[in-house]
Each structure stands twice: as C-alpha cells, then as structure tokens.
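K.L.:
Dock chain S against chain C, hints included.
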Amino acid sequence: MSFTANCPICDAAIHLAADTIQGELLECPECGTELEVMSTEPIQLQEAPQEEEDWGE
Amino acid sequence: MAEVRVSIVGGSGYTGGELLRLLLFHPRVRLQQVTSERFAGKGVARVHPNLRKVTDLRFVSLDQLQPCDTLFLCLPHGRAMQRLPELLDKAERIIDLSADFRLNDAQRYAAWYGTEHAHPEMLSQFVYGIPELHREAMREARFVSSAGCNATATILGLYPLFKHGMVEMDQTVVEVKGGSSEGGNAPSEATHHPERSNVVRSYRPTLHRHTAEVEQELSIHGPVRVHLSATALGIVRGVLATCHIFLNDDFDEKAIWKVFRETYAEEPFIRIVKEKTGIYRYPEPKLLIGSNYCDIGFEKDPRSRRLVVMSAIDNLMKGAAGQAVQAFNLMHGFAETTALEFPGLHPI
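Protein sequence lines correspond, in order, to chains C and S. Take the first sequence: its position 7, counting from 1, is numbered 6 in numbering that gives the first Met the number 0, and each next residue is one higher. Take the second sequence: its position 155, counting from 1, is numbered 154 in numbering that gives the first Met the number 0, and each next residue is one higher.
Note that these hints are calculated values from the structure, not bench results. Treat the hints loosely; a few may be bogus.
Have a look at the derived ranges for each label pair, beta carbon to beta carbon [as the list claims (entries may be wrong)]:
| hint | chain 1 | residue 1 | chain 2 | residue 2 | range |
| --- | --- | --- | --- | --- | --- |
| 1 | C | G22 | S | D300 | 29 to 37 Å |
| 2 | S | T336 | C | G22 | 37 to 45 Å |
| 3 | S | H192 | C | G22 | 52 to 60 Å |
| 4 | C | M37 | S | R305 | 27 to 35 Å |
Computed, partial: chain S to chain C, Cβ under 7 Å [stated by the list, open to error]:
| hint | residue |
| --- | --- |
| 5 | K253 |
| 6 | W256 |
| 7 | K273 |
| 8 | E274 |
| 9 | K275 |
| 10 | T276 |
Every residue gets a Cβ at the ideal spot worked out from N, C-alpha and C, and that includes glycine.
For reference, chain S alone in the conformation it holds in the complex:
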C-alpha cells in the first residue's frame, strides 16, 4: 500500500506536536521531516515529551527540507504567506494551519490583520478548511487553509441555521471561551502561571480576528454580521462557543432538530448533544480533549425568538491539527476518519 510522504514546517509548537501525534499513527503516512529553526538537530520528543519512544525523528532546518507529497505549515501567522513561494516546489499539496489564507478577499485580510497580504493572488486557490462545509472542493484541492479554532466552533454550531435561512442576518452574538493553548507556546507576562492560572479573562470583547472568517463562511444568503467576544479560561485545551441568534420566524425546537439532523446526520465528527437528564446535558469541552469531535447543543428561549447554540471542540484537534488531518484524508482519498478515531477520555 503506497504511503504519502509528509513533512511539517514549524513543528515545535502545540499544533505541530498534535499533528505529529496524529500522523505518526496514520497507516498511510510516512512522516519524512519536521522543521524548526530553534530546535534543529534536536529530537522532536524533547519538545513534545508525549512522543518519547514513539519516534526518533529530529527537527531539521527549513533549508534542509526535501520534496515530499504533502506539507503541513504550522508557522506563526504572517510567516506562512511570506514563505509560501519557496515551499510551492516542495510538495504537490499544502495544508496551512495559520490564518494567512483563510480569507478569500485581500481587502478584508488587510482590514482584520492590519497588514497587506504578501500574496493576494493565492487567496482564491486555498479551500477553507472545514470539511463539513467544503468536502467536495477539498477532494480536488491542492491547497487547504485550516480554520481558526474559535471560528470552527462557531461556524459548525451556526452553519445549519444560516444555510436554511432561519436567522436574522445582523443580530448574532457569540461568546467563545477558550483555553490557554489557543495562544500557542510563546510565553509572555500574561501567560505566566500566577497570572494565567484560574482566570476568566475578557481578552477580546470586540474585533476578534476570527470574526472575519465566521462572517465569510456564514454569508450564504447575503452578508452576515456576527458580534463575537472571546474570553480566556484557566483551562489548557477546549473551546465552548455560546451563540445567541434570533430566528426570523416562530420556529419550534422540532424545526431546529430537523435542520441539524438534515445537515449533520452523516457527519462522522458532529454530535448533537441535548439531553434532559444526566451530568453532561450540553456540549462540554473537557470530554473532547484529544478527539476530533464537535459537540453541538441548543435551546430555544420560550419567551422570544432567541435560540442559544452551544458548540464545543478541542482547539488543538477539531480546531487545528485534527481538522487538518481530516482535510488531508479527503485530499488523498483516504477514509475521512483515519487516525482520528480517538473518542476522548472520561472521567478527566
């Protein structure tokens, strides 16, 4: 059985480590190289200690990168678009996990990221990386841009309702609550343990950059305005997006069940979680740690047309590396769930 030669550019961060964990157990992958300028020459297990005795791979410098079949880019935001020209010759397919190619409009990129895009001509060539929305395009894609973690949770929670045109287009309010690994592994004063531990920190009440991709993907029947706030919690992994939408008609809960069922019944990684009894009645991020699932729940406010949609993921999995491997499987014609079957832990 032919193997796909895969390399990771910028593999010393949390996303790179998670990709390594998944790809090292992928039955159709030969992991060829992992680059890191900071750790070149050192074993990857030194940076990702969960991989001790799993791999003998060592980091290499980017200038040692050999041609392969598929490249995963885990470079910091802004760096991937600068490096892209030199990487195009290295692989037939590229999956970028940065924010650089998520938006399909250069002006919108400049407005949200505060800098001109280095290669606006490439934006239209990248498929936005949520498989549940762009599965068929991914099968033929050469380039995929993985979605932001907060955006992924929000989009998956709201997509069926916007797709079916059930929502007031400019009244959506989203509160995303996320763990510290969302911020990557570069330390700062704000991430120092005594400061970061136990926080419930409003870190981006308005203008979170993921808002742009949420609006892009939900503007199915016309321009959508989403009001998104982000709060940092004292957990390491996990995102819970609590989305408040206002329905444009008097839909009951059965109608909401119907659109979620129709949209996601065949999806291997989407689960509707809405139970009347038990401890975990609605989506709970901690149950998803290490898994590629997105759990979605909802409740209709009986006093109004407000619908609350709760969507939970592991930010490093469905919000980054897991989503990227799911796209990789589609691009290569593998079973979509390959290397992504881990169901999470309980209790945890």
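Isolated chain C (complex conformation):
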C-alpha cells in the first residue's frame, strides 16, 4: 500500500511508500524541492529547512 500527497511547493502528486515515517526526507520529482514528512496520519509534507547561501544579495 502507498500514499499520495501533493508537493506544497509545486502541487505535483507524490507517491509515498507504505513504510514512510515521520521525519523522513524526500525529493519532489517535479520541482526537486527537498521535503520533510511532518506526519503520516494524515500525510503532511513541508519544505525541509535549507542552508542559506550568499548569492551576492
């Protein structure tokens, strides 16, 4: 059995394995954003924290 959730960034459908656990990191296949599984019941995804980079701003 697997679950489907939507990417909170690009709204793409993401298929998660049945043994997905809270805290797991995964990558959206469409936009490449690294996502964190915040909860499994219900499935809740959130953008994983990223190290900020200085791009001359």
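P.N.:
Chain S only, in chain C's frame:
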C-alpha cells in the same frame, strides 16, 4: 528500411554544419547533396572540421542539385524566397531555416523586414516551425518554416501562459541574451575578435525582427504586444530569454506550475528547471550546447503580479537545426527524437 533522400541548400554556414552533424547520424536519412556556391567542389569537412572522417561529401553548386525527398534551405534571409520557385520541383517537402516564411502576413513581413515579400502567395502554405505549437499541422505539411532562435526561446517560455489567458496582453517585456553564432559566419568589423570578445553589447534594444513572430504565435486570444530587447554576449552558442509578464489575476506559483505541467508534460524536449538548491537552479544555456532541449524556469514576484520566465536553448539546435530535424521527423512519421538524443555536456 526505406531511407529519405535529403539535400541541404546553402550548407556552408553554421546552421548548415549543425544540420549535417545531425543528419549524418540519422538512421533514416541518406544525405544526397549539400550546396555552396563559394565552396563548390570542396569537401564539407574543410568548412565543418568537426565532420572530418565522418563524411566524404563535397559541396556542389545549386545548379547541380538533383531531385530528392526533402530539402533543407539554409540560405541567407531574403534569398530563400527568391530561390523558392526553382526549388519546388526538386523535392516533395521543404524545410526553410531562413526568416522568409515565418510570418503569415505579407504586410507584416514588409513592415518588419523593410522589403516586399517576393512570394506572398506562399506564406500561408508554410507551417511555423515550433513542433510544440504546430505538431499536428507538421505531420501533413509540405512546407515548414523554422522559427528564429530568440523567438523560439521566448515563445516556448511564454506559450503556456498566453494559451491559458493568464497574461496582460500588452505588458510583456523580454530580454534575450545570445551568443555570437546567432549572427552567422559572415565576418564584419563588429565580429572581429578584439571587438566581439567579452562583450555585453546591447545590439537591438527595440524592433528586433523576431518580435513579429513572437507576437504572431502568442496572439492566441487576441493581439499581443511584446517588447523585446536583444543583447549580444561574449559566448559562441546559447540564448537565454528573460521574460517579464504581468499576470491578469493573483495566480500563485502552484497555478503557474500547473499550466506548465499541463502544456509540456509529454514534450520530449521541454524541461521545467526551477530548483531551490544546487548550482544550476534556473535554465543555463551552456548546459544545452549541442542538445535540442529548451529549459524553462520561472519565479513569481511576491510584491506584484510580475512573473519572470527564463527560457534557455542552444540557438543552433533548438533554435535552428535541431528544431528543423524535429519537424523533419514529424513530417516523415519518424520518432520525434530521432538523431536528437544528445543530452549536452557537463562540465563545459
């Protein structure tokens, strides 16, 4: 398996060389002749040295051209329309890579190119050459007119948004940045190495001719006005079109993702490039050198309805020869990606 007999008219330029590189490895093509008045009698590898030991073909003069199945025309702008009548009997299908048959309106042609069209009656017979917009028409077409390189990058970047009617029709600003091969292989003082090297040269701030075809193709729900500027960079290949559009409603980025996904999900040569980490977060032309991909990215300005769309191609590939071979594959019922699978190089 039957082969298609193909000849190239005007094959000594950069576009002709790129077509040769692709067609010589096309499994369904027999490359019959390549013409050049300047180099008639000489081996094509003399002009296109990357083809040494790849082919023994020699250039021939146009008056030696034999009948074939498909002709690619790589003549300078203005020359293809003059030569067309004598070429119609030479091949069942013609793909023109000049600007001569891109516009479907003779008055608009005269306004943008400063001269009357030699054969306005032929304009409606050519299918505009971007497969992502005109795939079905190409399958039945006898004539295809390949799109301009800057126009291709711009149109592919903006087409989903105009198709879905999400854009203010007269507020689009496009800045295209291109390499020196866009200008062809005829030298001038401006292309002399000490002058051309390392430039960031505003060479057409307004009235770039590709504007006409961009407006033609994006006028899906009514007339569109596009404000296009072109800048020459100190690179050889590549185009990056940075397009600023103003959305006509408060669409969020998910809505933009949705229209790009719906429009391009099945397209073999379109990739949405929009990543939050990594070195290449948005489209980068140098990664596309030699490939037929168009990479498209976007970012919504959180302070306004402005959406910035970035679209990158190799001007000689998706912007010319690659696009033409993609059209050729459609016209002949071949797999659309045939001879176009090269993914580019990294690092480069």
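K.L.:
Which of the numbered hints are not met once you compare them with the structure shown?
P.N.:
none
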